[in-house]
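Chains S and V are the protein sequences, given in the same order.
Sequential numbering of the first sequence, starting at 4, is according to my numbering.
Sequential numbering of the second sequence, starting at 7, is according to my numbering.
It is possible that some hints are incorrect.
To be verified - Stretches of chain S that chain V covers, calculated by requiring three or more beta carbons in the stretch to come under 8 Å of a beta carbon on chain V:
id: 1; region: 37-50
id: 2; region: 98-104
Unchecked claim - Heads up, simulated DSS-like pairs for lysine-lysine below, C-alpha to C-alpha not over 27 Å straight-line:
id: 3; chain 1: V; residue 1: Lys17; chain 2: V; residue 2: Lys71
id: 4; chain 1: S; residue 1: Lys74; chain 2: S; residue 2: Lys60
id: 5; chain 1: S; residue 1: Lys59; chain 2: S; residue 2: Lys74
id: 6; chain 1: V; residue 1: Lys71; chain 2: V; residue 2: Lys24
id: 7; chain 1: V; residue 1: Lys63; chain 2: S; residue 2: Lys101
id: 8; chain 1: S; residue 1: Lys101; chain 2: V; residue 2: Lys71
Simulated from the structure, these hints should not be mistaken for lab results.
The model shown is predicted, which means the values in this text are computed figures rather than measured ones.
By construction, the Cβ of each residue, glycine as well, lies at the ideal position given by its N, Cα and C atoms.
The chain contents come next:
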Amino acid sequence: QQQVRQSPQSLTVWEGETAILNCSYEDSTFDYFPWYHQFPGESPALLIAIRPVSNKKEDGRFTIFFNKREKKFSLHIADSQPGDSATYFCAGTGNTGKLIFGLGTTLQVQP
Amino acid sequence: EAAVTQSPRNKVAVTGGKVTLSCNQTNNHNNMYWYRQDTGHGLRLIHYSYGAGSTEKGDIPDGYKASRPSQENFSLILELATPSQTSVYFCASGTGGAAAETLYFGSGTRLTVL
Numbered sequence: 004q005q006q007v008r009q010s011p012q013s014l015t016v017w018e019g020e021t022a023i024l025n026c027s028y029e030d031s032t033f034d035y036f037p038w039y040h041q042f043p044g045e046s047p048a049l050l051i052a053i054r055p056v057s058n059k060k061e062d063g064r065f066t067i068f069f070n071k072r073e074k075k076f077s078l079h080i081a082d083s084q085p086g087d088s089a090t091y092f093c094a095g096t097g098n099t100g101k102l103i104f105g106l107g108t109t110l111q112v113q114p
Numbered sequence: 007e008a009a010v011t012q013s014p015r016n017k018v019a020v021t022g023g024k025v026t027l028s029c030n031q032t033n034n035h036n037n038m039y040w041y042r043q044d045t046g047h048g049l050r051l052i053h054y055s056y057g058a059g060s061t062e063k064g065d066i067p068d069g070y071k072a073s074r075p076s077q078e079n080f081s082l083i084l085e086l087a088t089p090s091q092t093s094v095y096f097c098a099s100g101t102g103g104a105a106a107e108t109l110y111f112g113s114g115t116r117l118t119v120l
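Modelling step: build the complete structure from the supplied sequences, incorporating the hints.
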């Protein structure tokens, strides 16, 4: 079963727009939600993460919005740049310590 | 700088052959993981380890074995490789413990089973 769901599967935005990537989860014990990004031909790397004690986490142009009641969280990339083109994976983990990844969203930023 | 090194980078194997993928980390992390990445399936956990001598089954362990002989090294073993195991394999290390864990991934091994 897919415990962490991502949408959309692919997304294309124009340079300067805000890209919005969505995730939802099922396990209410999850307490840590990272986003990883993966550029073509490279390995995944941590981008930004949030714990449910907060409903928002910012790091430059990247913001996570978290809705605990609905078990949803999203990554907003403001002022998108062509260099942001990558695959983005959301994930969740709880008391098992194992990260459960979503299937990924491939983002293309058109100049 | 976290360092996770995988070998080989590319491997072509024959069906029924034995394949060993190696991973070495110099981060002194307790946890190590093996994932495979396939289009449409994201990152799927095969095996993981909490320290030397320990291995645990992940979400898709069938057809794979793992070995953690030391803190630094974690191997993935395919005793009888099949074409369905053609994939990109990533090793990762993580600090583990009560704090939120960041995974540091190696560069990946592209395995083709003919």
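Results for each hint:
1. 37-50: holds (count 7)
2. 98-104: holds (count 4)
3. V:Lys17 / V:Lys71: 18 Å, holds
4. S:Lys74 / S:Lys60: Holds, at about 16 Å.
5. S:Lys59 / S:Lys74: 14 Å, holds
6. V:Lys71 / V:Lys24: 11 Å, holds
7. V:Lys63 / S:Lys101: At roughly 11 Å apart (the allowed maximum being 27 Å), Lys101 (chain S) and Lys63 (chain V) satisfy the hint.
8. S:Lys101 / V:Lys71: 18 Å, holds
Violated hints are absent here; each numbered hint is respected by the structure.
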